[in-house]
Amino acid sequence: MPTKNAGDLKLWQRRTQRESLFHWMLWLIGIAIFAYCWQQISASTTWFFVWDAPRIATDIWTRATPPRWEYIAQLGKPVWDTLNIATLGTIFALILAVPIAFLAARNTTPSRFIIRPIALLIIVSTRSINSLIWALLLIAIIGPGVFAGVIAIAIRSIGFCAKLLYEAIEEIDESQVEAIKATGASRWQVMAFGIVPQIMPAFAGIAVFRWDINIRESTVLGLVGAGGIGLQLSASLNVLAWPQVSLILLVILLAVVISEWVSAKVRGAII
Amino acid sequence: MSDIALEIETRVGTRWKKPPFVQRPWLRWALIWGFVVYLIAAYMTIDVNWARVYEGLERGKQFVLAFTSPDFTSRSGDIYEGMLESIIMTVASSVVGIAISIPIALGAARNVAPLPVYLICRSIIAISRALQEIIVAILLVAIFGFGPLAGFLTLSFATIGFLSKLLAEDIESMDKVQAEAIKATGARWTQWINYGVQPQVMPRLIGLSMYRLDINFRESAILGLVGAGGIGATLNTAFDRYEYDTAAAILLIIIVIVMALEYLSGIIRARVQ
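Protein sequences appear in the order of chains V and U. Just so it is clear: in the first sequence, position 197 is 197 by the UniProt record's numbering, and no numbers are missing. Just so it is clear: in the second sequence, position 210 is 210 by the UniProt record's numbering, and no numbers are missing.
Derived from the structure by calculation, the hints contain no laboratory data. In this text, all values refer to a predicted model and were calculated from it rather than measured experimentally. Please note: incorrect hints may appear among the correct ones.
[Unchecked claim] In silico BS3-like pairs for lysine-lysine, Cα to Cα no more than 27 Å straight-line: (1) Lys-183/U <-> Lys-10/V; (2) Lys-183/U <-> Lys-181/V; (3) Lys-183/U <-> Lys-4/V; (4) Lys-181/V <-> Lys-163/V; (5) Lys-163/V <-> Lys-10/V; (6) Lys-181/V <-> Lys-18/U.
Build out the structure end to end from the sequences listed, making use of the hints.
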């Protein structure tokens, strides 16, 4: 126990002198880095605009309220498109994620040194790039529209779903697999009767969870031209139609809240 | 006894079937049919211009090939500046976001905070989680002007919702006995938090912070699309000019940094737990 001598008293201390010195150094380095970052941000900021911000904010607020309610008639199709992008994207992603997850899980992969790293690389690279960037890329390749949005969401979701799924596969109860194997089942039968029933609840949970996230992401895909309600948002922003913007934001908020509620209910029912 | 005999009687000779995932038959069929109807409806309303898709495949091939020969050099100045700005935004917003979210997390834990504080903190979290980064960024760019400040504020705001919620859940599920023991020594409230609560949630806080740093970096890559600073603007320009080799270089850098961050956070989490 580290102590400090103060006269003839021994005082308890949390850390030894070396430890606390080390902590101070860490803090110092951290603060120095933060100060540098802040200085850089501050250098590339026009401070006049920042001091002016409260006026601009109230200005935008007065322009944006009340929302233009009659515009909602034109939002039906975009909302439906958004739903389709999220749902179809999730379905495609799951179809692709299942084989990748089986290839990536330690206990089911056919080859630990060649195929597993490839599967992990696919998982990491699809996960690290945001769906908006995928959408940008796909629009350049296959043209703007809902289809680009679906594919962007699908690619972005593969890594996420496959990662969670392969972790679920690695955590299965091996004795059940053993039992199926003992009956003389083939490799595919072991998979269908030994592994799949065990990961089914996790799979359903992952699917609904990702669908919920995808609803959020697909609402903004339209900003780069990939269909959905984001198209309306960017069109309204471009013509500075703030009452329409506020209505669209309300619709997006509502969609997010509903999808979160649905996903929480479904996951509650599964678990 | 006769019941079991009857059951055996009916089961002998019939083939075993895998039990279905959804137990109730009506729900199972409703789900399957609903799904099929939805798929048909969705397919009918999405108009895919297959000719355009076919045309684009050539460009897609070029992009994939660009990954084999990424061009780091010809736009190296822009890439360097954008990356540096992204990293700066990430670090600054993570620090500020974590610093703000700790008190909010304490306020949002029912076993630490009184009810009014709890409700206020929970509503802050709900607002921050419901609004998306890119939408917040659009509004903040409109208010504060172009530049990394808007991106920094956006990411800080998003960090609060994420970190406070998860940290508050961890505080709520902490071991009461340890906290009680500190209280029994006559500690003040601040001492109680510092010695009773903080050591219990510290490993999780560090893990979550690392994870959020990773997310913030990934998000900072897209904020440039709406003018909030970072590598996104460079990436967007590269796509618009069909400079796939430069775009591939940027994407590769992002992937490598994310992988490095994930590796680092794995090491740090293993150390603190």
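Does the structure break any of the earlier hints, and which numbers would those be? Hint check: 2 and 5 fail, others pass.
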